[in-house]
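Chains as they are written, first to last, in the working numbering: chain A, 6 to 227; chain B, 37 to 118; chain C, 37 to 118; chain D, 273 to 910.
I should point out that these hints are in silico values taken from the structure, not numbers from a laboratory. Small disclaimer: the values here were computed from a predicted structure and weren't measured. Yeah, the Cβ is synthetic: ideal placement off N, Cα and C, and Gly gets one too. The reader is advised that the hints may include incorrect statements.
To be verified - DEER-style ranges, computed between Cβ atoms:
#1 D:611 / A:39: 35 to 41 Å
#2 D:829 / A:205: 42 to 48 Å
#3 D:548 / B:117: 36 to 42 Å
#4 C:71 / D:295: 50 to 56 Å
#5 A:176 / D:698: 40 to 46 Å
#6 D:548 / B:100: 41 to 47 Å
#7 C:64 / D:611: 27 to 33 Å
#8 D:638 / A:205: 49 to 55 Å
#9 B:100 / A:75: 22 to 28 Å
#10 A:176 / D:895: 39 to 45 Å
#11 D:288 / A:39: 54 to 60 Å
#12 D:870 / A:153: 47 to 53 Å
#13 A:41 / C:88: 55 to 61 Å
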Amino acid sequence: MRAAVVVFPGTNCDRETFEALKASGLETDYLWHNWTSIDVYDLVVLPGGFSYGDYLRPGAIARFSPVMNSVEKYVESGRGILLGICNGFQILTEAGLLPGAFLRNECGHFICKMVDLEVKAHEVFANVKRLKLYIAHSDGNYVVDEKTVELLEDEKRILFKYAENPNGSSHSIAGVANENFCVFGMMPHPERSTMPYHESNDGLKVFSAMRRWINAHTSRKA
Amino acid sequence: MKYDFVIHVKFAPNIFDPQAITIEKNLKKMSYPVENLKAGKVFEFSVQAESKALAFDIAKDVAKNVLSNPVLEVFEVECVER
Amino acid sequence: MKYDFVIHVKFAPNIFDPQAITIEKNLKKMSYPVENLKAGKVFEFSVQAESKALAFDIAKDVAKNVLSNPVLEVFEVECVER
Amino acid sequence: MHIPQEKLEKMSMTRDEYERIVNLLGREPNETELYIFSAMWSEHCGYKHSKKLIKEHFRVSDENAGIVWLSDIGIAFKVESHNHPCAVEPFQGAATGIGGIIRDIIAMGAKPIALLDSLHFEKPHDHIYEGVISGISVYGNSIGVPTVGGEVRFDPAYSKNPLVNVMAVGIVGRENLKTSKAQGVGNSVVLVGSKTGRDGLHGASFASRKIDKTINDRPSVQVGDPFAEKRLIEATMEICKLDCVIAVQDMGAAGILSSTTEMASHGKLGLDLFIDRVPLREEGMKPWEILLSESQERMVFLVKKGHEGEIEKIARKWELDSAKIGETTSSTEFRVFDKKELMASLPLSLVTNPPDLSREIEREYSTTAEVSKWIGPIESELLCLLSNPTIASKKSVYERYDHTVGGRTIKAPKSDAAIIHIADSKGIALSLGGNGKYTALNPREGIKAVLFEACTNVIASGGKPLGITNCMNFGNPEVDEVAAQFYATIKGLEEGVKILGIPITGGNVSFYNESEGEQIPPTPVVGVVGVVKNIYRIPKPDFTRKGNPIYMIGRLKVPHNGASMYSKRKGFFPTVDWKACSRVLNTVMRVISMELAVSVHDVSDGGVAVACAEMAMGSMMGAKISTDIHPFEEYPAR
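Bound conformation, chain A alone (with noise of 0.2 Å):
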């Protein structure tokens, strides 16, 4: 099983992220965001960081970069699982991969702490209730409208919710899927809870969680 880590300029976690899914068992690479053949990975990872320096809007700038156009080819194909992680989930939606969009912390500035997140997507996380994860961001006010959550709700889409909402996201929600489950994104950072020394390894229960999902995914589609 394959997995790539997209590097855009400006992204931070790639490294950490890289490690993580090595330590998750997938065979990894880094894919420099001008690649365009993505079609051999079975697990696309958007990481998190600050692309194009945030500037216009986070994600607004990278989500013309050459390989976000084998990464929608990637997505109708159903070819493999899409996960985009804090600025990789704002890029998502940037690009209309997935609904909604980003605004300010109500607080108004960054935040970096350790937040409990209640998991709503029990067909994706099997057995897993909650995990304590790092977030890190200062964009992470979530923005959807009612109608939109209604069909996220029914349709069993929203991943995780923050347990106390950190920063004003609608109905605390912390990720998310799209209508066919290929394409995930999460605020809260996986990579920073999977070394033994880190303060939670909860991060290994994400990225194995889609391990498990990738098999579910080709099976199904085969």
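With chain A fixed as given, assemble chains B, C and D onto it according to the hints.
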């Protein structure tokens, strides 16, 4: 020919802008009699095109596809006489 | 009486604005024929005051002391007729 | 010498410095040459009041940053100040301060992995505090280097002169270590990074006002672009792996001028610069403006002749400008060309060796050995101390810094020292701190207490100190009292380092922190890097389990410290047996290595009562302390 444009990007009416709320709260704390403060962005740039109409389309395209996010924001395009 | 104001805040001419430069460079990469792009902020608010002149002073004060940073930015105050 | 006094003042140059130049040159300097001397002979670049003293008392290398070794992995580290820019524009001042210190680290070929900052303000939440904190947050977070520790201290003495000292730490393999020493004649000086503009030049007041009506009077502030810095970090890492790279230098004060001349003079080579080849951001820039511009996010590389293309290819990948702007020569001259026209021709050694103005003024600072007692209720004083903003929790500050990006953070801001993972079970412990009250009361003993405090923080977190760096924040060195404070601090630091047996690997000096003739208290800040042999066997900072006994190690009955937080009366600094303190620290290290202690915390501001309260609050677990030790007294190594 070069045409100059000004693009105003504002939050859509139903969007709750935390920054504007905070600024207004602080202004009131400093006893400035200020109400319903809105914050937005403005971009100025020139477009190289044969005609004004063509330049206007390009400016509108840039505003729609790049400078604003349709989920959150609305925009206005204004051509500024040289 | 309530008076409505629009405040434009821009970087002073010789101040380096990396955001505007990055946006322009990438618009060009997307083959939009755009040149010398400037980015700025705009604030709209209403002021409660007895006269328009008094309201104007308050608006100018707000723009100078809170909404702009005199070391880096310049501002314009505009009173909008209701 | 017909040069008008007014022009000399604009160049912040004294008449005898000017006369010295004319004598040594044998002629008057032209316009461009005058600007070159005004920049290179300023205190900011030339260290006129400190260089000789520091060289006499410490063996310090001229490299961009100090380095200690964990077998084959090098830890590069340095601290720098950006005090004056932060007084002018707090946000950009702090942001560009981070950019500058990070470039010192990548100039060693090292990948930056941690930042710490020591901040001194008048009070919390004023506009300087907010500007500096958000500047560090925006710039540090955007370049993806975690801010893992440091301190924020408050004192009215810093109202007009905030102190913003930033420490950066990087890792480098032995084979990738770079030097700033130029080698080989005819090699190319290649600039990589952002375009050059009029950043940091003093606008018309610096140039002669009459001629340059166009440039408005506002000093063009240095503006940072963290996005460009991130690309510059990645590009520099790739460039440093090429064999054709001989030397690397960061561009800081006086940009192109100081970086290229320092590189050449370290290698005892001549230098020809072609400033018409510098990628510019603004039109009509004069030669001296290009030389002195402090535009950010730029580095300079000395590259083997003919290999410039390899550098330019990497620069293009990371969307950065690059150009060959000069070459080394076998002469001892520093020459500047604008296309074919020779703008300046000066002996390089004259440019890089300003006159020494250091002054050795002796002054005695007495101490007291009289043991102090506490009589009176403890609760009210403890609550008062715990609410003092210098002691109170800094959670609202460090939660605005990304302290876990990079995934290496083990113990971040909440503990005495930050612990960062290096490889397998090895880590490093980092601390940075100062205490203006101690060093104001007694510069010589106070600096030793600051040094011991920084080392105690590393030890309390499970580390063993390996190397020390420092930043000296002082007032106007031309004032006798300040010169005396500086000289006493240098001697005190030298004594402290000898007693501890830990090397000083580098440092920085910031003078002229004064306003309207009022000097700041002497505030040296010390940074320490320590090694953590096993990151899985280190103590916690707070209480862990009920029923654990609490011990205190160190001198129990201590003299009154006139600079303690609780002390209302002006007393003396305590007489300290520094050798005994060093033994205490070794004992604590042994206790930790034998895993006898579950959690360890050092006693600093507010004494033992505050230390215990902090451990209790951190773990929400009460504690019963019964002792006749003075609850609030402050004394080193406890």
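Right, here's what the structure says about each hint:
1. Look at residue 611 of chain D against residue 39 of chain A: about 36 Å separates their beta carbons, and that is inside 35 to 41 Å.
2. A hinted range of 42 to 48 Å for the beta carbons of residue 829 of chain D and residue 205 of chain A is consistent with their spacing of about 44 Å.
3. The supplied range of 36 to 42 Å is met by residue 548 of chain D and residue 117 of chain B, whose beta-carbon atoms lie about 38 Å from each other.
4. Checked against the given bound of 50 to 56 Å, the beta carbons of residue 71 of chain C and residue 295 of chain D, roughly 53 Å apart, stay inside it.
5. Between residue 176 of chain A and residue 698 of chain D the beta carbons are some 44 Å apart, a value that agrees with the proposed interval 40 to 46 Å.
6. Evaluation of the 41 to 47 Å hint for residue 548 of chain D and residue 100 of chain B yields a pass: the beta carbon distance comes to about 42 Å.
7. For the pair residue 64 of chain C and residue 611 of chain D, the beta carbons lie near 29 Å from each other, so the given range of 27 to 33 Å is met.
8. Range check, residue 638 of chain D to residue 205 of chain A: Cβ separation about 53 Å, and the 49 to 55 Å hint holds.
9. Between residue 100 of chain B and residue 75 of chain A, the C-beta spacing of about 24 Å keeps the proposed range 22 to 28 Å intact.
10. One distance hint, 39 to 45 Å for the beta-carbon pair residue 176 of chain A and residue 895 of chain D, holds here, with the actual separation near 42 Å.
11. In this structure, residue 288 of chain D and residue 39 of chain A meet the distance hint of 54 to 60 Å, their C-beta atoms being roughly 59 Å apart.
12. Checked against the given bound of 47 to 53 Å, the beta carbons of residue 870 of chain D and residue 153 of chain A, roughly 50 Å apart, stay inside it.
13. Taking 55 to 61 Å as the suggested C-beta distance range, the pair residue 41 of chain A and residue 88 of chain C conforms, at roughly 59 Å.
Going down the numbered hints, you'll see the structure goes against none, and every one checks out.
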